[in-house]
Amino acid sequence: MELKDYYKIMGVERTATQDEIKRAYRKLARKYHPDVSSEKNAEAHFKEVGEAYEVLKDPEKRMAYDELGSQWKSGQDFRPPPGWDAGFEFSEGGRGRGRGDDFDFSDFFESRYARQHGGTRRGSGGDSHGSAHAGMNLQGQDHHARVMVELEDSYTGATRQISLRIPELTPDGHVLARERTLKVRIPKGIREGQQIRLAGQGGMGLGDAGAGDLYLEVAFKPHPRYRVEGGDVYLGLPVAPWEAALGANVQVKAPSGTIDLKVPAQSQAEKKLRLKGRGLPGNAPGDLYVVLKIVIPPADTEKARDAYRQMQQQFEFNPRTALGEKA
Amino acid sequence: MKRKNPGETTVEQALMELHGELISLEAEFTLEDLCRSCMLQSDHIVALVQEGVLEVHGEDTTQWRFRISSFRRVRTAMSLQRDLGVNLAGAALALELLDRIAELERRISS
Numbered sequence: 001m002e003l004k005d006y007y008k009i010m011g012v013e014r015t016a017t018q019d020e021i022k023r024a025y026r027k028l029a030r031k032y033h034p035d036v037s038s039e040k041n042a043e044a045h046f047k048e049v050g051e052a053y054e055v056l057k058d059p060e061k062r063m064a065y066d067e068l069g070s071q072w073k074s075g076q077d078f079r080p081p082p083g084w085d086a087g088f089e090f091s092e093g094g095r096g097r098g099r100g101d102d103f104d105f106s107d108f109f110e111s112r113y114a115r116q117h118g119g120t121r122r123g124s125g126g127d128s129h130g131s132a133h134a135g136m137n138l139q140g141q142d143h144h145a146r147v148m149v150e151l152e153d154s155y156t157g158a159t160r161q162i163s164l165r166i167p168e169l170t171p172d173g174h175v176l177a178r179e180r181t182l183k184v185r186i187p188k189g190i191r192e193g194q195q196i197r198l199a200g201q202g203g204m205g206l207g208d209a210g211a212g213d214l215y216l217e218v219a220f221k222p223h224p225r226y227r228v229e230g231g232d233v234y235l236g237l238p239v240a241p242w243e244a245a246l247g248a249n250v251q252v253k254a255p256s257g258t259i260d261l262k263v264p265a266q267s268q269a270e271k272k273l274r275l276k277g278r279g280l281p282g283n284a285p286g287d288l289y290v291v292l293k294i295v296i297p298p299a300d301t302e303k304a305r306d307a308y309r310q311m312q313q314q315f316e317f318n319p320r321t322a323l324g325e326k327a
Numbered sequence: 001m002k003r004k005n006p007g008e009t010t011v012e013q014a015l016m017e018l019h020g021e022l023i024s025l026e027a028e029f030t031l032e033d034l035c036r037s038c039m040l041q042s043d044h045i046v047a048l049v050q051e052g053v054l055e056v057h058g059e060d061t062t063q064w065r066f067r068i069s070s071f072r073r074v075r076t077a078m079s080l081q082r083d084l085g086v087n088l089a090g091a092a093l094a095l096e097l098l099d100r101i102a103e104l105e106r107r108i109s110s
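Chains A and B, in that order, give the protein sequences. Residues in the first sequence are numbered consecutively from 1, following the numbering used here. Residues in the second sequence are numbered consecutively from 1, following the numbering used here.
Keep in mind that a hint or two might mislead.
[Unchecked claim] Derived pair list, reagent style DMTMM-like, types lysine to aspartate or glutamate, alpha-carbon separation capped at 20 Å:
#1 A:K188 with B:E26
#2 A:K31 with B:E105
#3 A:K221 with B:E96
#4 A:K31 with B:D99
#5 A:K183 with B:E21
#6 A:K40 with B:E105
#7 A:K188 with B:D99
#8 A:K183 with B:E17
Keep in mind that the hints were calculated from the coordinates and are not lab data.
Isolated chain B (complex conformation) (with noise of 0.2 Å):
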């Protein structure tokens, strides 16, 4: 079997540079981008917007289009109902807490 292993770090490798692609934080990706990316099938990311956990913009899920900050709401969302066993309204609502807390947090510093 092939496999590819470009994360395979040696010294000199890890001393090489890299630049990367800077994402604005008004780039707009698509389902199938976050479905890609996140290695989720549709249907957990339709969830995840029904229940208010994402913001999207657009009419059809076709049309939906996402903030790259969606893909760790994303993230989050998948890990706390794995690690956590709490159903999705039980993440949808941590989240949310979790925005609020840092929210205040914001605000102390000010």
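Isolated chain A (complex conformation) (with noise of 0.2 Å):
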């Protein structure tokens, strides 16, 4: 185990404040919060700001760990004594602070619990958090999850293996973040924002109480060429001036296999051919637009600038008239 730089985290001197450190948190949370963020990692940052500040807050926590900190040598293995940390998961943290004024997910996690059994068990002494369920039925927390999956995995169904990390309450009632891995049949059909529920994969409940359930949201992971909405899926066809002119027949590489389209002549830009019931499949299932981009071959060569001004002396055309020009 590595001694974190709590004070490099926080990016404050290790001679601020309280009122300092609790400002730099503020910011930091709010930054790296994962439900407001969109900072790479935001997650991994906010835990490890919420362990900076869960020490950093407390003097006498504070003064523990800056005490940890000057026998440390940077690089080395930490193993901190026994007993320096007795009490810290679920200690009173009283101090007049109210709720909501702290980032305190043990406590959250105990309140949480404690609500549920409709008493508040805070303040208890950390040894005695243990017992204090004994003959406690109580059915374990369901917990949620997003899980990112490929488009295609909608059109097909498929296996995926996914990890989470998962706050657990240990039998000596302290708080572990738990990695789990679990593989999930994703349903044919699948959409955005439906959810899976793995009965019984949630927290563990209490004597006889059976576990809560997880939760899995499924989201699309950004696709270059497709975009979903709802059970439709979008795809750009980039195509010639003449396609779209004259008509053609193009090959499409569609999410549900090549598709041979039809372009109908005198096409515009932006133009949406529906193919009905090639979104995302299900009992209604989704349509497949593909919306025209027109593509402007380069005049790059004389003979392209050629061509170009053929088209110029051709056409008695102004593409502005609907701007108000005239024809």
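Two chains, two separate frames, one set of hints: put the complex together.
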């Protein structure tokens, strides 16, 4: 175990006041909060910041940490002396702070259990937490996670291995993040926002009560070619100006396989061609929309420029009539 | 004390393919379902409805029906309050702005 530099993580000096630490935390928490942030690795950052704040916000823990830090050399393996974090997870955390005033996952976790049981266990000492549950039957917590799948998975159905980090209450009353890998069947026809409920795969129950469920909310990974809206799939298809003007038969690589597509004559840019039922499968399958993107050939040779000049002479055409100019 | 821990993953279990139940976007959940799953008392959920964070169908609380998307909104609203020290109205505002960002990002990508 490596001793992390909590001050560096928080971006504050070792001499920072408690107020400065709190301000730094709030700023970083907003920046990296997984529900808000678009930063890379936001969740990992957020956890790191939360862990640092958990220690530094509390003058006693901060002092203990500072003492450890002075004895520790960079790169050296760190093993905390026994007992330094006793009561750490479920410490009272009192000192007049209100709920919501501090990041304290363990408090939150604990109080949720307490609320469910209709009482509060806050303030009971760290050692007594295990026995506090004795004789209690309490259904485990439901867990929720988002999983990203490929669009193609919805067309065919797929089995995906997913990794989750799940906070768990250990028998001695600590909260630990546990890594879990699951192999999950992604059913054919799944849509974004739908959820897969895995019964009994959530948090463990207490006593005779069963475990909670695990809900996996499905989202599609961004795809370079396709865009999904509900059950409908959109695909941009580049065509040459003469293909759009004269009509053409083109082969289109679609998620369900290659399609022979007839581009009608006189097509304009952004024209949508609907292929019924070729969207995401299901009871009411979605449609596939092929959106025409007219690509102008480069005028980079004399021959090409001649062709354009010829068009200029042949057409009585003003593309800006819609803006009020004369044809 | 007896404890169940079905989530304990062994190598064999990790390799076992899990088939879940697919919950459609139209599925409806009661206030009780939401409270149980999010481990919150009903007054928290009622407050979220009153703040306009959750959309609900039905007249009184016993007839309230929620969509599956509410589960995540509840968790986000609670975690914003807990982690960022904002109050309910602040969390509601953040959720609304997040919705707008998501909608704009969707439009940009289209």
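Checklist entry - Looking back at the hints listed earlier, which ones does the structure fail to meet? => result The structure breaks hints 3 and 7; every other hint is satisfied.
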